[in-house]
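Asks: Sequence:
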Amino acid sequence: MSANKTFDTLTEDLIEILASYLEPLDMVHLGATCKHLQKSINRPEIWEHKAVDDFGDRFTITSILDSAGLDLGDQLKPEPSDWCQYYQERHAAMTKMNAGADDQIAKSEKDYDEAQELLRGFQSTGDVDSLSNAAQLMVGVLDNFPGHAGCYHLLGFTLYVLNELEDALSLLEIGSMVDPNYEPINELTSEIQGLLEGYGSTMTEGAPLLDNAKELSAPLKAALTAIFNSFDMDKDGSLKPSELSDFVYKTNGSRPPQAFLTQMGIQFGKDAQGYLTLEGFFNFFLEQTLEDPIETRRDLEKHGWDGDRLVRCDIARNA
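In terms of the UniProt record's numbering, the sequence shown opens at residue 1 and continues consecutively.
What the hints contain is simulated information worked out from the structure, not anything from laboratory work.
Hints are supplied without guarantee of correctness; some may be wrong.
As the list claims (entries may be wrong) - Computed beta-carbon distance windows for the label pairs:
1. SER230 x THR60: 41 to 49 angstroms
2. ILE105 x PRO180: 19 to 27 angstroms
3. THR11 x THR251: 51 to 59 angstroms
4. ILE17 x GLU79: 18 to 26 angstroms
5. ALA222 x ASP246: 34 to 42 angstroms
6. ALA92 x LEU10: 23 to 31 angstroms
7. ASN186 x ALA272: 49 to 57 angstroms
8. ASN212 x ASP292: 15 to 23 angstroms
9. ASP66 x SER242: 28 to 36 angstroms
10. GLU89 x THR225: 52 to 60 angstroms
Beta carbons are placed, not taken as given, at the ideal position from N, Cα and C, and that holds for glycine.
Could you put the whole structure together from the sequences, leaning on the hints where they help?
Replies: Below you can see the structure in the form of structure tokens.
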């Protein structure tokens, strides 16, 4: 049997596996051996998968981060229209970078440290721009070092603090494939899975958050009213900035900027002084519940309520 006849019997999957082990020039030589291989080697999917294997799944990562509302600036780029050309350009860039690897390693370590500082800063200021800036730095590091598991952990943590739990798990899964033994990824993955499993049944089995008209249910309104009143220290029917800040801090663990507090009243409902009213409080939670009911149930838990049954936890324990 001729060699060409043998190559003709190779399936597309086997050819793709074979290509994953070859350098670009070797793939060109392989494609020159017969028409069947030439056609297969030139398939965009071959080069796309090879690019992901060799240089990381950049476009999936940036798509997830962008959908979470993070501003990636120049790091947000469209997928290539020509994957073969993209691969060759990235291969050339990586070859050039490896020639000056020490300088690039030092820069990446500096960027990684800066991203960590930005995340720590967010926890004290609540400035979402810090998260965007950290994400930009991490994407840049991954461009040069796609096997940097720490970057995937930080990106997953960024989505975690934004309550984008499913997307956080997607990024952490990519990171675990890069380095299955990187413990921070495994720990954060377990924590997020625990949250999702803890609230997973509430979508159908818990007390309803909304009524048939897609408005807040009576039990949820009662819970929110009690929470609102517990922060309305002067009992004027509104949450002034200091009171609203206390509520956000207990809910999210960080103090929001003044602009956020002002915008809450403007966007959802304010009194004559610009302070968030109970109706505005309801409007905020209605918007959140329509988008992410699990987050609403989680917020209730932070304030001593059973997020499943919509009663205070001390009552739930005694029931």
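Asks: Now tell me, hint by hint, if it's right for this structure.
Replies: Comparing the hints with the structure gives:
no.: 1; hint: SER230 x THR60: 41 to 49 angstroms; verdict: holds (43 angstroms)
no.: 2; hint: ILE105 x PRO180: 19 to 27 angstroms; verdict: holds (23 angstroms)
no.: 3; hint: THR11 x THR251: 51 to 59 angstroms; verdict: holds (54 angstroms)
no.: 4; hint: ILE17 x GLU79: 18 to 26 angstroms; verdict: holds (23 angstroms)
no.: 5; hint: ALA222 x ASP246: 34 to 42 angstroms; verdict: violated (21 angstroms)
no.: 6; hint: ALA92 x LEU10: 23 to 31 angstroms; verdict: holds (29 angstroms)
no.: 7; hint: ASN186 x ALA272: 49 to 57 angstroms; verdict: holds (52 angstroms)
no.: 8; hint: ASN212 x ASP292: 15 to 23 angstroms; verdict: holds (20 angstroms)
no.: 9; hint: ASP66 x SER242: 28 to 36 angstroms; verdict: holds (35 angstroms)
no.: 10; hint: GLU89 x THR225: 52 to 60 angstroms; verdict: holds (59 angstroms)
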